[in-house]
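Visitor: Sequence:
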Amino acid sequence: MEKMNITHKIVAMQPELEHFAYKLTADRESANDLVQDCLLKALDNKEKFVHTQNFKGWMYTIMRNIFINNYRKSLREVDMTDSTYNLYAQTMTEGEEGNQFETIYDLKELYKVINAVPEDLKKPFMMFVAGFKYREIAEKMDLPVGTIKSRLFLIRKRLQQDLKDFS
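Here the sequence shown is numbered in UniProt numbering, starting from 1 and rising by one per residue.
Be a bit skeptical, because a hint or two may be false.
With a straight-line cut-off of 27 Å between C-alpha atoms, the simulated DSSO-like cross-links for lysine-lysine are [as the list claims (entries may be wrong)]:
#1 Lys123 with Lys133
#2 Lys140 with Lys122
#3 Lys112 with Lys164
#4 Lys149 with Lys133
#5 Lys112 with Lys140
#6 Lys73 with Lys23
#7 Lys140 with Lys73
Think of the hints as simulated: they come from the structure by calculation, not from any bench.
Please construct the entire structure, taking both the sequences and the accompanying hints into account.
Guide: Written as structure tokens, this is what we have:
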């Protein structure tokens, strides 16, 4: 009976959560996604709620933590894109005119090699390059840490072999 009561309380919080989510994101679509994530997380963890706690505070804390985690994740993705572009731009401006075409060709070949790698190897590699730790990659992919280490070793070995002409 008590679990059913918590479930109803969680669902009943939706309008307040939508308002709070919109304040955090300033975007309706992102706010709706955030509310959905919050409701799912609260429903999955309802047995962890201590009845002496402030229920509304518990829900807002869940939402705030999800928002912060999503924000940090988006920063890592942007950093990866920015650093790749900056490296490319720096190479292009520092290089001689004749070497620019070589550099463009080399980058295209690099992207071809990386994109030719099977998805089960490429995904952990891209996450690792983006700054995720082995443990974080393992959690996100729902795999053991040893499997992640093995896949990263395999892709490094494969890239080293495929790119030996570039050194």
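Visitor: Look at each hint and say if it fits the structure.
Guide: Hints and how they fare:
Of the supplied pair hints, the one linking Lys123 and Lys133 holds, its CA atoms being roughly 13 Å apart against a limit of 27 Å. Distance restraint check for Lys140 and Lys122: the Cα-Cα separation of roughly 14 Å lies within the 27 Å cut-off, and the hinted pair is therefore satisfied. A distance of roughly 14 Å separates the Cα atoms of Lys112 and Lys164; the hinted pair therefore holds under the 27 Å criterion. In summary, the hint linking Lys149 to Lys133 is supported, as the alpha carbons are separated by about 10 Å, within the 27 Å threshold.
Proposed proximity of Lys112 and Lys140 is supported: the alpha carbons are some 26 Å apart, at most 27 Å. Restraint check for Lys73 and Lys23: satisfied, since their Cα atoms lie roughly 20 Å apart, inside the 27 Å limit. The straight-line distance between the Cα atoms of Lys140 and Lys73 is roughly 12 Å, inside the 27 Å bound, and the hint therefore holds.
Of the numbered hints listed earlier, not one is contradicted by the structure.
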